[in-house]
Amino acid sequence: MPKLSVWMVKASLVYMGIGFFFGSLILHHKGIQIYPWTWKLLNPHIEIMIFGWTIQLVMGVAFAILPRFSDRDNRYGAEYLGWWSFYLMNSGVALTALAEWHVMIHLVFVGRLLVLLAILTFTIMIFPRVKPLGGFAANQQS
Amino acid sequence: MPALSRYFIKIGLLYLVVALLMGTIMRLQPIMNWSGQIQLLRPVYLHLIFIGWVTQLIMGVGYWMFPKLSREKPRGNERIGWAVLILLNTGLILRSISEPGILMSGTDTTRRTSFAWLLALASMLLLFAGWLFIFNTWGRIKER
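Residue numbers (the numbering used here), protein chains in the order written: chain A, 1 to 142; chain B, 1001 to 1144.
Just so you know, the hints here were simulated from the structure itself, not pulled from any lab data. Some hints here could point you the wrong way.
Said to hold, decoys possible - Heads up, simulated DSBU-like pairs for lysine-lysine below, C-alpha to C-alpha not over 30 Å straight-line:
{"no.": "1", "chain 1": "B", "residue 1": "Lys1142", "chain 2": "B", "residue 2": "Lys1068"}
{"no.": "2", "chain 1": "B", "residue 1": "Lys1142", "chain 2": "A", "residue 2": "Lys131"}
{"no.": "3", "chain 1": "B", "residue 1": "Lys1010", "chain 2": "A", "residue 2": "Lys10"}
{"no.": "4", "chain 1": "B", "residue 1": "Lys1142", "chain 2": "A", "residue 2": "Lys10"}
{"no.": "5", "chain 1": "A", "residue 1": "Lys3", "chain 2": "B", "residue 2": "Lys1068"}
{"no.": "6", "chain 1": "A", "residue 1": "Lys131", "chain 2": "B", "residue 2": "Lys1068"}
{"no.": "7", "chain 1": "A", "residue 1": "Lys3", "chain 2": "B", "residue 2": "Lys1142"}
{"no.": "8", "chain 1": "A", "residue 1": "Lys40", "chain 2": "B", "residue 2": "Lys1073"}
Said to hold, decoys possible - Some chain B residues well away from chain A (every beta-carbon gap over 12 Å; in silico):
{"no.": "9", "residue": "Ile1011"}
{"no.": "10", "residue": "Ile1080"}
{"no.": "11", "residue": "Ser1114"}
C-beta: ideal position from N, C-alpha, C; glycine also.
The task is simple: from the sequences and hints, build the whole structure.
Set out below in structure tokens:
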């Protein structure tokens, strides 16, 4: 598994842990109340579970398993774009979640913008890898 | 495909079908003039999709295909894997019953309290399931 995928999947697992924790607090509070501010965790919970956990996991796995290039120095493509998408995604999700918790709508917008840039960057990187053949198989004469 | 993965994926598919049936009924409610209480199922519907289907699919395929932990234990601790399956599904089913149960209890405080405690239990089961999955999977996320 390439290093970028390791970082993305591990980050997604961290978000999963945090998201499950927030969700558990909210669900508990629906039955037996704990803290009055628990409801503020709902929007951060949604943000973390959709973008931090699910989408980032998909990005990490996609980077590892989509067809690779046989005729480039880096068979994974423009990996630097992948690292940019990693930093943008994680800073965006963290900022959005924190801003939603404190209801700071302008910072929510900034966070969402960072996530958008992350997705755009990742898409530009991964798009050419969505192709019929890759790696060793592409080199074989039929 | 290991047995645990098959269970995760097949159970996940069942949740997907049930969730989409539920979603269809919710969409039909205003058209057919059914009781508005059907919309109380919305959080259950969302979590049957996100936990029942999406998360279990990820867990099943991840358990199968992530890099091997070691030669002796390629997929980590299998008992923990089964525990995750049982905890996650028990928690999800409990919340699916208790969450609307609380809302439909009305003035019956005894019934409401029972559902409330079941919901609290469900929240703990789901949390342990998630954290156990992370614990069992973390070491497998590595460069080969």
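Hint check:
| no. | hint | result |
| --- | --- | --- |
| 1 | B:Lys1142 with B:Lys1068 | holds (9 Å) |
| 2 | B:Lys1142 with A:Lys131 | holds (26 Å) |
| 3 | B:Lys1010 with A:Lys10 | holds (26 Å) |
| 4 | B:Lys1142 with A:Lys10 | holds (9 Å) |
| 5 | A:Lys3 with B:Lys1068 | holds (16 Å) |
| 6 | A:Lys131 with B:Lys1068 | holds (28 Å) |
| 7 | A:Lys3 with B:Lys1142 | holds (8 Å) |
| 8 | A:Lys40 with B:Lys1073 | violated (41 Å) |
| 9 | Ile1011 | holds (18 Å) |
| 10 | Ile1080 | holds (15 Å) |
| 11 | Ser1114 | violated (10 Å) |
Hint compliance for this structure: hints 8 and 11 are not met, and every other hint is.
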